[in-house]
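**Q** Chain by chain, the residues:
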Amino acid sequence: MRLIIIITITCSSIVFAVDSLETPDTLVSARKANTLSVCASILLKGYKKGISNLETHECPMTPSCSEFALEAFRRTNPLKALFLAVDRLTRDNSFAKYYYPKNEKGKLVDPLDRYIKCDKKPRRYY
Amino acid sequence: MLNAAGPGGLSSATPGFAEKLDSLGEYDRAAVEYLRFAYENPGGEKARWAFFRAGRSLERANKFEQAAAVYNEVTSSGVADSLAGAACYRIALTYFSRGRLNDVIAYADDARFDTTCADPLNYLAAWAYFFGRDYPAAESTFFLLEPESFDSSAGFMVTVSEKGQYLPRRSPFLAASMSALLPGAGKAYCGRWGDALVNLVAVAGMLGGAYALWEDDRSFAVGLAISGGIFYGGNIYGSYVGARWFNEEKHRELYRYARERVPKRPEELYDY
Numbered sequence: 001m002r003l004i005i006i007i008t009i010t011c012s013s014i015v016f017a018v019d020s021l022e023t024p025d026t027l028v029s030a031r032k033a034n035t036l037s038v039c040a041s042i043l044l045k046g047y048k049k050g051i052s053n054l055e056t057h058e059c060p061m062t063p064s065c066s067e068f069a070l071e072a073f074r075r076t077n078p079l080k081a082l083f084l085a086v087d088r089l090t091r092d093n094s095f096a097k098y099y100y101p102k103n104e105k106g107k108l109v110d111p112l113d114r115y116i117k118c119d120k121k122p123r124r125y126y
Numbered sequence: 127m128l129n130a131a132g133p134g135g136l137s138s139a140t141p142g143f144a145e146k147l148d149s150l151g152e153y154d155r156a157a158v159e160y161l162r163f164a165y166e167n168p169g170g171e172k173a174r175w176a177f178f179r180a181g182r183s184l185e186r187a188n189k190f191e192q193a194a195a196v197y198n199e200v201t202s203s204g205v206a207d208s209l210a211g212a213a214c215y216r217i218a219l220t221y222f223s224r225g226r227l228n229d230v231i232a233y234a235d236d237a238r239f240d241t242t243c244a245d246p247l248n249y250l251a252a253w254a255y256f257f258g259r260d261y262p263a264a265e266s267t268f269f270l271l272e273p274e275s276f277d278s279s280a281g282f283m284v285t286v287s288e289k290g291q292y293l294p295r296r297s298p299f300l301a302a303s304m305s306a307l308l309p310g311a312g313k314a315y316c317g318r319w320g321d322a323l324v325n326l327v328a329v330a331g332m333l334g335g336a337y338a339l340w341e342d343d344r345s346f347a348v349g350l351a352i353s354g355g356i357f358y359g360g361n362i363y364g365s366y367v368g369a370r371w372f373n374e375e376k377h378r379e380l381y382r383y384a385r386e387r388v389p390k391r392p393e394e395l396y397d398y
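Sequence order for the protein chains is A and B.
So for the first sequence, the numbering used here puts the first residue at 1; every next one is plus one.
So for the second sequence, the numbering used here puts the first residue at 127; every next one is plus one.
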């Protein structure tokens with residue numbers, strides 16, 4: 001029981017620490033963070049060009065999971081981006097059609113802004 | 127080459143021309159024509175009216191700062207009539223449009239003794255509280271107005287603001303902790319049962335697989351354990367942001383509902 005509590009508190013602390021990290025531009029170890037982001041971006045771009053194009057099945061969400069991950073790595077720190085990308089992979093399932101609105105092309109809309117700006121109030125009222 | 131007054135020396139700056147431009151959606155040009163008219167006919171009621179219309183055109187062109195400056199020309203003339211009240215209101219509305227909610231509230235507070243626009247400004251201030259998610263303050267400010275005012279909008283907004291105070295909320299911290307204890311539990315807490323199931327299966331499958339294969343294929347088991355760890359982290363962080371989005375969505379839904387159902391939206395007041 002004690003172990004479970006310790007794991008819970010540790011994991012939650014990690015999550016909040018991840019969330020409180022700034023974007024790569026403002027990090028003290030900005031160069032390191034950027035290097036990780038660049039590596040991940042190269043891998044994702046490679047996947048998009050080399051593998052994703054060959055598949056007939058398209059991602060039902062927009063932006064697609066790889067585009068979502070690319071954007072996450074570009075806009076947030078690498079650890080947060082990794083968690084967001086993995087979470088997106090698990091959200092891209094058969095139940096997704098009940099939770100997300102569809103656009104005119106029939107794709108489920110799930111932009112990254114929801115997850116990195118969701119506690120910021122909109123600037124314009126209409 | 128044409129001179130500034132237009133072909134033949136005649137003034138092209140007539141309000142009719144500006145009205146036409148405004149109706150065609152050429153708001154910037156319409157504003158220029160209104161301003162030209164105002165400066166060619168200074169000091170009169172027509173000039174003040176033209177300034178007001180120029181402000182409206184600039185607002186429609188999403189140039190709120192410039193619009194506020196032009197409305198100031200109407201209010202600074204010293205005449206306390208309904209047009210000055212309307213300009214006062216539209217200045218506050220430009221703050222609202224730019225998300226400067228505190229300025230709207232301060233502006234309404236300053237003008238509370240101004241009989242030409244006190245009530246509309248209080249209505250706008252209440253909307254600013256509402257938009258800023260300060261529902262108790264919004265309710266009390268709407269409540270100060272006559273319930274029948276603005277086509278019964280004030281009364282309607284009292285009800286909606288009260289609703290806002292009882293919106294369902296989810297704690298991001300609790301969601302993250304629940305997911306740390308049982309993968310997917312935080313998602314279920316936010317009503318995403320499908321995602322919860324997928325999370326549970328993914329994490330349990332990978333970590334369980336790593337445990338089962340530990341003796342037979344150590345390297346594969348390590349790979350599975352690392353992947354499981356990443357998915358576990360993603361599941362916790364996903365629950366955390368999912369709960370935040372849940373709260374945000376409820377606020378946005380209420381705001382959409384209010385804007386769709388309210389008889390008189392803030393921007394529809396003094397929309398000459």
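Mixed in with the good hints there might be a few duds.
[Claimed, not checked] If we take Cβ atoms under 7 Å as the criterion, some of the chain A residues that face chain B in the derived model are:
no.	residue
1	Cys39
2	Ile42
3	Thr90
4	Lys97
5	Tyr100
6	Asn103
7	Asp113
8	Arg114
9	Tyr115
To be clear, the hints were calculated from the coordinates, so they are not data collected in a lab.
Treat the numbers as computed from the prediction; the structure is a model and nothing was measured.
Cβ coordinates follow ideal geometry from the N, Cα and C atoms, glycine included.
**Q** Each of the hints needs a verdict: does it hold here or not?
**A** Consistency of the hints with the structure:
The beta carbon of Cys39 of chain A is not positioned within 7 Å of any beta carbon in chain B (closest approach about 15 Å), and the interface hint is therefore violated. With its C-beta approaching chain B no nearer than about 19 Å, Ile42 of chain A sits outside the 7 Å limit, and its interface hint is violated. Hint on Thr90 of chain A holds. Least Cβ distance to chain B is approximately 5 Å, under the 7 Å limit. The closest approach between the C-beta of Lys97 of chain A and any C-beta of chain B is roughly 9 Å, which is over the 7 Å cut-off, so the hint fails.
A cut of 7 Å between beta carbons decides the hint on Tyr100 of chain A: the least distance to chain B is about 11 Å, and the hint is violated. Nearest Cβ of chain B to the Cβ of Asn103 of chain A: about 17 Å, over the 7 Å cut. The hint is violated. Interface hint at Asp113 of chain A: violated, since its Cβ lies 10 Å from the closest Cβ of chain B, which is beyond the 7 Å cut-off. Because the beta carbon of Arg114 of chain A sits about 5 Å from the nearest beta carbon in chain B, less than 7 Å, this interface hint is met.
Of the supplied interface hints, the one on Tyr115 of chain A holds, with its beta-carbon coming within about 5 Å of a beta-carbon of chain B, less than 7 Å.
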